[in-house]
Amino acid sequence: MPDTKANIIARLQKDILPLQGYKSLTAGREVDPGWGRIGDAFPNGIFPLGAVHEFLCPGPEEGAAAGGFIAGLLGALMQSRGAAVWISSSRTLFPPALKGFGIEPDRIVFVDLQKERDVIWAMEEALKCGALAAVVGELQEISFTACRRLQLAVEQSGVTGFILRRNSRNTNISAFVSRWKITALPGETEEGLPGIGFPRWKVELLKVRNGRPGTWEIEWTAGKFRHISNLTAILPGRQKKTG
Amino acid sequence: MQKRFVAICFRHLTTDWFTRRRPALRHLPFILSAPVHGRMLVTAANALAQAEGIAPGMPVADARAILPGLEVLDDQAGLSARLLKNFARWFIRYTPIATMDPPDGILLDSTGCAHLWGGDKAYITVIIKRLGAFGYDAGAAMADTIGAAWAMARFAGEPSVIESGKHLQALLALPPEALRIETGMAEQLQKLGLRRTGDLMGIHRPALRRRFGQQLLQRLDQALGREEELIVPVQQAATYRERLPCLEPIVTATGIEIALQRLLETLCGRLQQEQKGLRSALFTCYRVDGKTVETGIGTNRPSHRTAHLFKLFEPKLSAIEPALGVELFELEAPVVEGLSPLQEKLWEGSGGMEDNRLAELMDRLTCRLGAHTIHRYMPCEHHWPERSFRLATSLCEKPLGPWRTDRPRPLRLLSKPELIEVAAPVPDYPPMLFRYKGRLHQINKADGPERIEREWWLEEGEYRDYYQVEDVEGQRYWVFRAGDYAEKKSIQWFLCGFFA
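Chains as they are written, first to last, in my numbering: chain A, 6 to 248; chain B, 297 to 796.
If you are wondering where the hints come from, they were derived from the structure by calculation, not from laboratory data.
There could be a bad hint or two in this list.
Stretches of chain B that chain A covers, calculated by requiring three or more beta carbons in the stretch to come under 8 Å of a beta carbon on chain A [unchecked claim]: (1) 402-415; (2) 737-745.
Distance condition first, Cα-Cα at most 30 Å in a straight line; then the derived DSS-like pairs of lysine-lysine [what the hints assert, rightly or not]: (3) K229(A) x K694(B); (4) K733(B) x K186(A); (5) K133(A) x K612(B); (6) K607(B) x K120(A); (7) K104(A) x K712(B); (8) K733(B) x K712(B); (9) K207(A) x K229(A); (10) K694(B) x K104(A); (11) K120(A) x K133(A); (12) K133(A) x K694(B); (13) K417(B) x K487(B); (14) K694(B) x K733(B).
Under 8 Å between C-beta atoms, here's a sample of chain A residues computed to sit facing chain B [what the hints assert, rightly or not]: (15) F99; (16) L118; (17) G197; (18) L198; (19) P199; (20) G216.
Everything numeric in this text was worked out from a predicted model, so none of it was measured.
For glycine and all other residues, C-beta sits at the position ideal for the given N, C-alpha and C.
Input sequences plus hints: build the corresponding full structure.
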């Protein structure tokens, strides 16, 4: 490899990553639920495991969309074995629906708490436990110090954390590795067929440390994410009736 | 090993307790009184009052006639029993087997305990000294049999130790009351001129039985050790219990931590040898002031890992108030289960539900947040969505059947369906638009209905027709209509979930 300026910079960037908390644990543990072009956005082209990812969901609809996206990721992470913990203070998640995302719902332990403070404490404890594939927490507000604590906990254990932030007021501060926003998109069905089609989402990667943020449109089909290449315009008012 | 018993007799149990609470009474003659058959009787008198000739059982008026300035206090019902019970518990620091001996005594089985205090004499002296420091006037004696110890504690005058095998000689000179027999029988014996126990021993046994019944012979045999007598301890000896007495009272948090660490190490070592693990543990601190403080933990899976168990106890230690100091620590494992060491190695690091690290995480969460916060679900054979899963009973439970995926189910289900306003064509078409929380949703695509009948053997009510609907923005909802369209009946629609 010629020692051009660009190469040196790329190499240095790779050297910096471990110093910032990205351990080489991710090597050999790559998880691909069908990233496709999204993969280019991540540092080194690998989805950062052993880090905490933040999802913004202002309303219940976004909460459901983000939940679906995370469930797809979790399914790939757990790969039919392994366990995960779902911590929340107001959980509406319906366990049997997880099966549709490739997760055995009995492999998830739900922790339902009253106070946000307890949620953060339980998250930290769970993130320290190396036996878990992932930890999902539903939170409203979180302080910068708490963010840092969670990040430090995962750097030790290599567990991946997901934080769903419901209608949070203060979204500026964050020590998390990435910030996402998932919104629903109208589904597509085969011409002439009834139904509502597969779940479709607009995935906005608002921020990612050492990566390139971007926006993609994907669909959850046959247990994988699939990019929608030519998104056809949805004609409003074209209601289909079934019965 | 030769059994050794200690009998302790409180000469003024209740009055000493009153004096302890009101030190001003120390130099006053006073009595306790209670109404019996409509008149006030003396139930207890302190040493000063007894020296004046006042005895329990005498009417209060007579006692007042003897000593006009006599202080009369109301007795409390059940006081002596309560005090004795507390004392029997308190004596755990001298022997694991202690019991009450109503109305005024305590019995200890001190077999194999006395050498820890430097011999029998020192053991008795320490006990009497401690009781004296509390303000209780007590007599004590140690002997091979309960009967002999009981007699010597009451009739010897000063704390005495009867050497092993010498109890017969010690008993010979005592009056017959020393045999723990009824007052009436003792008086009868005195009248007959049998003023010492020695006199009884020379009499032909059938003659004694004919005259006084079996009880006298039994008491005699018990005192002489011919018949074995058992005592039932107030605290049952637990199989997995470790004790740590301290030379100096412990007052610091570090001290308590060290004590717990040591106890855990001993207990876990024992459990490991026996291939067992504890499911719950109780840590008890006996304080100098006679109170006890205890705290407990539970685990999801049997464990004998000292580090893990210590971590569970750690947040609870700060709640322990040592006050003037803790002189005895005790760790007990009431629930113990078998633990196979082979499997533990096998599952280590597998990252599944069987992983020990997961069980330990659950223990930490349970200890701080309570067991009710942790849920795990199993599939359940019901069509009704809210009943299609049930709580798992343990972390290791395996699902009996598969999770169903044949029908679409929303990722988020509201705990209670919310009423929505809907415009829908009759009879069974999906809604065209609906209003939820003040916002109007224009429906673009829909699927349904999926009719789910009530499980009539469980509850009454109308069936539900569920529709999946998608609004123009692409947000997907699960809505249902309760029941059928019928005349003069308003139809209600509900939103019950959100699809991903």
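Now for the hints, and whether the structure bears them out:
Requiring three or more residues with a Cβ within less than 8 Å of a Cβ of chain A, the coverage given for the segment 402-415 of chain B is violated, as only 0 such residues are present. As drawn, the segment 737-745 of chain B meets chain A at 8 residues by the rule of a beta-carbon pair under 8 Å; at three or more, the given contact holds. Between K229(A) and K694(B), the direct Cα distance comes to roughly 27 Å. Compliance with the 30 Å bound is thereby established for this hinted pair. The straight-line distance between the Cα atoms of K733(B) and K186(A) is roughly 23 Å, inside the 30 Å bound, and the hint therefore holds.
Pair hint K133(A) plus K612(B) holds up; C-alpha atoms about 21 Å apart against a cutoff of 30 Å. Using a Cα cut-off of 30 Å, the hinted pair K607(B) and K120(A) holds, with the two alpha carbons roughly 23 Å apart. Between K104(A) and K712(B) the alpha-carbon distance is near 22 Å, which keeps this suggested pair within the 30 Å criterion. The straight-line distance between the Cα atoms of K733(B) and K712(B) is roughly 15 Å, inside the 30 Å bound, and the hint therefore holds.
With a C-alpha separation of about 15 Å, the suggested pair K207(A) and K229(A) falls inside the 30 Å cut-off, and the hint holds. Using a Cα cut-off of 30 Å, the hinted pair K694(B) and K104(A) holds, with the two alpha carbons roughly 16 Å apart. Taking the CA atoms of K120(A) and K133(A), the gap is about 20 Å. The hint holds against a cut of 30 Å. Annotation: proposed proximity of K133(A) to K694(B) holds, straight-line Cα distance about 25 Å (limit 30 Å).
For the hint linking K417(B) to K487(B), the alpha-carbon distance of about 37 Å lies beyond 30 Å, and the restraint is violated. For the suggested pair K694(B) and K733(B), the alpha carbons sit about 40 Å apart, so the restraint of at most 30 Å is broken. Interface restraint check for F99(A): the shortest CB-CB distance to chain B comes to about 4 Å, inside 8 Å, so the restraint holds. Taking 8 Å as the C-beta contact cut-off toward chain B, the hint placing L118(A) at the interface holds, the least distance being around 6 Å.
Residue-level restraint check for G197(A) is violated (minimum Cβ-Cβ distance to chain B is 13 Å; threshold 8 Å). A hinted interface residue such as L198(A) counts as satisfied when its beta carbon comes closer than 8 Å to some beta carbon of chain B; here the least separation is about 10 Å, so the hint is violated. At a threshold of 8 Å, the smallest CB-CB gap from P199(A) to chain B is about 6 Å, leaving the interface hint in force. Contact between G216(A) and chain B, as hinted, is not supported at the beta carbon level, the nearest pair being about 25 Å apart and thus beyond 8 Å.
Checked against the numbered hints above, the structure violates hints 1, 13, 14, 17, 18 and 20; every other hint is satisfied.
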